[in-house]
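Work out the full structure, taking the sequences as your base and the hints as a guide.
For what it's worth, full-length UniProt numbering labels the leading residue of the sequence shown as 1, then goes sequentially.
These are calculated hints, taken from the structure and not from any lab test. Accuracy of the hints is not assured; some may be wrong.
[As the list claims (entries may be wrong)] Okay, derived cross-link-like pairs now, BS3-like style, lysine-lysine, Cα gap no bigger than 30 Å in a straight line:
no. : residue 1 : residue 2
1   : LYS19     : LYS56
2   : LYS19     : LYS59
3   : LYS6      : LYS109
4   : LYS59     : LYS16
5   : LYS13     : LYS72
6   : LYS56     : LYS6
7   : LYS16     : LYS56
[As the list claims (entries may be wrong)] Pairwise CB distance ranges, derived in the manner of DEER restraints:
no. : residue 1 : residue 2 : range
8   : LYS13     : ARG122    : 16 to 26 Å
9   : ASP94     : GLY61     : 20 to 30 Å
10  : GLN83     : LYS13     : 22 to 32 Å
11  : SER81     : GLU106    : 17 to 27 Å
Just so it is clear, CB atoms sit at the ideal spot from N, CA and C, and this is done for glycine as well.
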Amino acid sequence: MTTPDKLESKFWKALKSDKTVMLSCDGALPRPMTAVAEDDHAPIWFFTAFDTDLGKVLKNGPRNGQLTLVSKGHDVWGSASGQLVVDNDREVIDRLWNPFVAAWYEGGKTDPNLCLVRMDAREAQVWENGSSLVAGIKMLMGSDPKQDFEDKTATVSLTD
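Here's what the structure looks like:
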């Protein structure tokens, strides 16, 4: 049986290693984004630009956001919700800055189009893949596969 704490840990591990998520908010369609998580709790950070759909929407104030994650191995899925807000804190930009991010901003860290988005994720629904050799054998032995699935999903808090 997988505990909610283990599922939460797997969510953060997948987010930190895979980084690519689909991010959406009220007024902007989902888009692939690179997530930056410094710890095993919110916030989650995203670099974008003010001239993107997301940047334009968030210029007008915070929005409710949704993050969808699928790990590279397709063994962990997550859907997180929380507030998205522009937070161009210079210390955070300096801390998160890297060559991949720099390639997108001609003006560097002070590029006027740079938009750092903070997601204050509150909770996530996390699923772990129940399809395994062991699950198949259990099913052949008469075990209910629904129970195995129920044991591999949880709603978890993402706040500190």
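Evaluation of the provided hints:
Taking the CA atoms of LYS19 and LYS56, the gap is near 23 Å; set against the 30 Å cutoff, the hint holds. Between LYS19 and LYS59 the alpha-carbon distance is near 24 Å, which keeps this suggested pair within the 30 Å criterion. For the hint linking LYS6 to LYS109, the alpha-carbon distance of about 37 Å lies beyond 30 Å, and the restraint is violated. The straight-line distance between the Cα atoms of LYS59 and LYS16 is roughly 27 Å, inside the 30 Å bound, and the hint therefore holds.
Distance restraint check for LYS13 and LYS72: the Cα-Cα separation of roughly 11 Å lies within the 30 Å cut-off, and the hinted pair is therefore satisfied. A hinted pair counts as satisfied when its Cα atoms are at most 30 Å apart, and LYS56 with LYS6 does not qualify at roughly 37 Å. For the given pair, LYS16 sits about 27 Å from LYS56 by alpha-carbon distance, which is consistent with the 30 Å threshold. Separation of LYS13 from ARG122 is about 20 Å and conforms to the stated range, judged on CB atoms against 16 to 26 Å.
Range check, ASP94 to GLY61: about 25 Å between beta-carbon atoms, so the 20 to 30 Å window is met. Taking 22 to 32 Å as the suggested C-beta distance range, the pair GLN83 and LYS13 conforms, at roughly 24 Å. Checked against the given bound of 17 to 27 Å, the beta carbons of SER81 and GLU106, roughly 34 Å apart, lie outside it.
Hint violations for this structure: numbers 3, 6 and 11, all remaining hints satisfied.
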